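J.: Chain residues, written in single-letter form:
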Amino acid sequence: AQKVTQAQTEISVVEKEDVTLDCVYETRDTTYYLFWYKQPPSGELVFLIRRNSFDEQNEISGRYSWNFQKSTSSFNFTITASQVVDSAVYFCALSEVSTSGTYKYIFGTGTRLKVLA
Amino acid sequence: EAQVTQNPRYLITVTGKKLTVTCSQNMNHEYMSWYRQDPGLGLRQIYYSMNVEVTDKGDVPEGYKVSRKEKRNFPLILESPSPNQTSLYFCASSFEGRSSLRNEQFFGPGTRLTVL
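Chain order of the listed sequences is P and V. Residues 1 to 117 (the numbering used here) make up the first sequence, in order. Residues 1 to 116 (the numbering used here) make up the second sequence, in order.
Just so you know, these hints were derived from the structure itself, not from any lab. You can trust all of the hints, since none of them are fake.
Listed below are several chain P residues computed to face chain V (Cβ distance under 7 Å; list not exhaustive): (1) Y33; (2) L45; (3) F47; (4) R50; (5) S95; (6) F107; (7) T109.
In this text, all values refer to a predicted model and were calculated from it rather than measured experimentally. Each residue gets a CB set at the ideal place from its N, CA and C atoms; glycine is no exception.
Work the whole structure out from these sequences, hints included.
T.: Set out below in structure tokens:
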């Protein structure tokens, strides 16, 4: 069955440190999509990035970067020079076609990142 | 402003009293979905809908009903709420393109439900 594992429940870093959030997924399909979402203390869910299973190119957006490796079924997220505003819960998610032909989403349990000033 | 709205934002109710949480989006999205968020369990999909009159079960559908009579609305119905349905609920929507690209979901602000 499809599954998303975020083994790190909570991480604390000091401001300006780099931090990597791990995401490991399981799926039986060859076509699937991976996502990262951020949930700041205010509670809303904010989309960060999407990757499809055919695109293993890593991506950098400012201080954020994502490393997608199909060989290890991982889609890790790195924040460089972390800031207090990065404090949030981060969710990794997998989307794939269900047995009925519709799309299902599986979210990980989230990693709470605390960036200390 | 493009958005997903949910009502109510907060609700305290008692066991067995039917309730509906409304969800509406103004982006003409085909895909809509309901999630519940619980500590240590992350977000779990309850039901989703690919389009009008097309709904399917997510991972935790027991105790919930949905309907999709209009494209913009996707209400979540709890016919007989129980305390284990106390949770934070999110509605989400996304665009479904013919290219089968999976687009990101836009989430509503959440509804905090307490069932006593």
